[in-house]
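J.: Each chain, letter by letter, is given below.
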Amino acid sequence: MPETDVRDRQVQGLDALELQPQRGVDERGAGEIARGVWAATWPKLAAVVIVLAAWQAVVWSGWRTEFVFPGPDRVLPTLFNEVTSPEFWTAVQVTMRRAFVGFALALAVGVVVGLAVSQFKPLRTAIGSLITGLQTMPSIVWFPFAMLLYGISESAIMFVIILGAAPSIAGGLTSGIDYVSPSLLRAGKVMGLRGVQRYTLLVIPAALPMFVTGLKQGWAFAWRSLMAGELLVIINQQNSIGWALSQARQLNDAERLLSYIIIVLVIGIMIDVFFSWADRSLRRRWGITQ
Amino acid sequence: MTAITEPRTGTNAVEIDSISKVFGRGRGAVTAVDGMSIHVGTGEFLSIVGASGCGKSTLLSLVAGLEEPTTGSVDVGDHRVAMMFQEAALFPWLTVGANIEVPMKVNRVPAAERRRRVTELLDLVRLTGFERKRPHELSGGMRQRVALARALAQDADVLLMDEPFGALDAMTRDILHDELERIWQEKSLTVMFVTHNVREAVRLGDRVVLLSSRPGRVIEEFTVHGERPRRIDSVPIAEQAAAITDRLREEVSRHA
Numbered sequence: 001m002p003e004t005d006v007r008d009r010q011v012q013g014l015d016a017l018e019l020q021p022q023r024g025v026d027e028r029g030a031g032e033i034a035r036g037v038w039a040a041t042w043p044k045l046a047a048v049v050i051v052l053a054a055w056q057a058v059v060w061s062g063w064r065t066e067f068v069f070p071g072p073d074r075v076l077p078t079l080f081n082e083v084t085s086p087e088f089w090t091a092v093q094v095t096m097r098r099a100f101v102g103f104a105l106a107l108a109v110g111v112v113v114g115l116a117v118s119q120f121k122p123l124r125t126a127i128g129s130l131i132t133g134l135q136t137m138p139s140i141v142w143f144p145f146a147m148l149l150y151g152i153s154e155s156a157i158m159f160v161i162i163l164g165a166a167p168s169i170a171g172g173l174t175s176g177i178d179y180v181s182p183s184l185l186r187a188g189k190v191m192g193l194r195g196v197q198r199y200t201l202l203v204i205p206a207a208l209p210m211f212v213t214g215l216k217q218g219w220a221f222a223w224r225s226l227m228a229g230e231l232l233v234i235i236n237q238q239n240s241i242g243w244a245l246s247q248a249r250q251l252n253d254a255e256r257l258l259s260y261i262i263i264v265l266v267i268g269i270m271i272d273v274f275f276s277w278a279d280r281s282l283r284r285r286w287g288i289t290q
Numbered sequence: 001m002t003a004i005t006e007p008r009t010g011t012n013a014v015e016i017d018s019i020s021k022v023f024g025r026g027r028g029a030v031t032a033v034d035g036m037s038i039h040v041g042t043g044e045f046l047s048i049v050g051a052s053g054c055g056k057s058t059l060l061s062l063v064a065g066l067e068e069p070t071t072g073s074v075d076v077g078d079h080r081v082a083m084m085f086q087e088a089a090l091f092p093w094l095t096v097g098a099n100i101e102v103p104m105k106v107n108r109v110p111a112a113e114r115r116r117r118v119t120e121l122l123d124l125v126r127l128t129g130f131e132r133k134r135p136h137e138l139s140g141g142m143r144q145r146v147a148l149a150r151a152l153a154q155d156a157d158v159l160l161m162d163e164p165f166g167a168l169d170a171m172t173r174d175i176l177h178d179e180l181e182r183i184w185q186e187k188s189l190t191v192m193f194v195t196h197n198v199r200e201a202v203r204l205g206d207r208v209v210l211l212s213s214r215p216g217r218v219i220e221e222f223t224v225h226g227e228r229p230r231r232i233d234s235v236p237i238a239e240q241a242a243a244i245t246d247r248l249r250e251e252v253s254r255h256a
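Chains A and B supply the protein sequences, listed in that same order.
No gaps in the numbering here: position 110 of the first sequence is 110 in our numbering, and each next residue is one more.
No gaps in the numbering here: position 121 of the second sequence is 121 in our numbering, and each next residue is one more.
Be aware that a few hints might be false.
[As the list claims (entries may be wrong)] Lysine-lysine pairs mimicking DSS-like chemistry, simulated, CA-CA at most 27 Å apart:
#1 A:Lys-189 / A:Lys-121
#2 B:Lys-187 / B:Lys-105
#3 B:Lys-187 / B:Lys-133
#4 B:Lys-187 / A:Lys-189
#5 B:Lys-105 / A:Lys-189
#6 B:Lys-133 / B:Lys-105
#7 B:Lys-133 / A:Lys-189
#8 A:Lys-44 / A:Lys-216
These aren't lab readings, by the way, just hints derived from the structure by calculation.
Modelling step: build the complete structure from the supplied sequences, incorporating the hints.
T.: Here's what the structure looks like:
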């Protein structure tokens with residue numbers, strides 16, 4: 001064998017040995033796939049059953065009359081009625097539009113502020129701790145002021161959503177940029193990465209995992225601010241989830257009230273599932289978790 | 001004491017003339033590099049060894065232009081300089097192929113040409129077919145070869161290596177010595193290779209420059225004899241390494 005072939009085989013042999021062996025995967029039949037799906041689903045179903053049972057138990061204990069605290073047997077049919085009515089979907093639509101617009105505005109503000117703070121030392125010293133401080137503030141305290149500024153309007157709600165969510169987003173971005181590994185920065189410098197390319201090819205992608213964490217937290221704050229806002233700032237009787245909640249309270253309609261609480265919970269979970277999925281697929285790509 | 005180290009023949013790719021580097025000011029100032037002069041010939045493989053605190057890494061940073069010398073000058077002429085470190089420092093969010101493309105994007109190489117060169121460079125480091133893998137799927141030795149491919153993608157002909165095999169196991173390191181020697185010859189590179197490991201320095205270098213510690217100065221220069229390809233466990237390599245190790249120990253014991 002010629003010399004180069006011998007070398008080639010040595011290198012390739014070593015590579016093959018050093019690579020993680022493929023974990024043995026059994027071929028899976030339809031039955032096993034079904035069992036897998038079941039294994040992933042039953043704990044969630046069990047959780048729902050436990051919650052419903054506990055709820056029903058409290059109702060049966062007679063702690064409050066069924067008029068103010070109805071059991072699942074009365075709430076679930078109401079929930080089903082709501083979900084199948086067109087007014088419900090307009091309410092969800094209005095609320096989700098506000099949520100997404102508000103979140104998008106908060107994203108824009110958060111990114112600009114986050115970039116500015118990570119770039120300019122004096123700015124960081126000046127407002128770095130202010131951003132952290134804002135994150136700890138319950139956003140509901142801004143509403144009286146927002147209503148004074150903007151009146152009873154959607155702008156008031158947007159104002160509070162931005163104040164609630166932008167600090168987390170800015171914070172996620174700044175810490176993402178701060179914690180870019182120095183060895184990557186050095187490698188980038190050696191390769192001549194500078195200016196805009198330094199950001200597009202290195203800093204931004206490197207900061208992405210922490211930024212996504214910031215987004216997730218920002219969303220949670222935006223959602224809370226929005227719910228508070230819709231309860232406090234009722235614009236011309238416009239249908240929305242918050243409005244439906246306060247209507248139900250005024251009419252002493254406990255079934256509807258609880259139905260909407262369940263809906264708010266479900267929407268929150270769905271968005272959270274989305275962010276967790278984004279986070280996980282990012283980490284898998286990076287090889288942070290296997 | 002050698003004032004200046006010169007290659008045997010030909011033109012110089014790197015000319016380092018009495019450079020010093022002082023970090024900090026006043027009483028707390030530390031002199032990392034003190035009046036070093038090293039000339040590296042075009043196509044030469046120069047090994048640089050020394051104990052801790054000899055300013056090896058600082059020296060390479062100065063040649064790479066990452067830092068400015070306090071006094072003296074570094075001249076690399078028209079040569080393009082690339083650098084490799086102990087850690088591969090590949091971008092974890094990019095595939096192997098995309099990592100190698102990064103320096104070409106910096107140099108505004110068109111996409112089709114980039115693709116072609118990636119394939120070529122992966123062949124060169126014997127990683128054909130690994131283009132779509134991600135760095136975390138590779139072993140340490142493979143990552144260093146990707147880092148080498150990425151350094152070569154800069155179109156550099158001067159390669160600065162800062163203990164590039166320091167974190168690898170002995171067998172992988174031996175094989176990578178062979179690989180580096182081959183690629184250095186094929187690509188007619190000029191290499192400055194910094195290491196703690198005297199045997200490695202002798203195995204690879206045409207010359208070995210020995211540095212003192214705190215501050216870093218050139219103590220002595222050795223020309224390595226031996227036909228290439230060399231073997232790290234051959235007798236002539238071991239004998240030459242032993243002589244240099246003795247000299248290095250002498251230097252280290254000065255600090256006791």
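J.: Each of the hints needs a verdict: does it hold here or not?
T.: The hints, checked one at a time:
1. A:Lys-189 / A:Lys-121: Distance ~21 Å between Lys-189 (chain A) and Lys-121 (chain A) Cα, so the pair holds.
2. B:Lys-187 / B:Lys-105: Answer holds: Lys-187 (chain B) to Lys-105 (chain B) is near 21 Å, not above 27 Å.
3. B:Lys-187 / B:Lys-133: holds, 25 Å
4. B:Lys-187 / A:Lys-189: Holds, because 24 Å separates the two Cα atoms, which is no more than 27 Å.
5. B:Lys-105 / A:Lys-189: holds, 14 Å
6. B:Lys-133 / B:Lys-105: holds, 20 Å
7. B:Lys-133 / A:Lys-189: Holds, because 24 Å separates the two Cα atoms, which is no more than 27 Å.
8. A:Lys-44 / A:Lys-216: holds, 22 Å
Comparing the model with each earlier hint shows no violations; every hint is respected.
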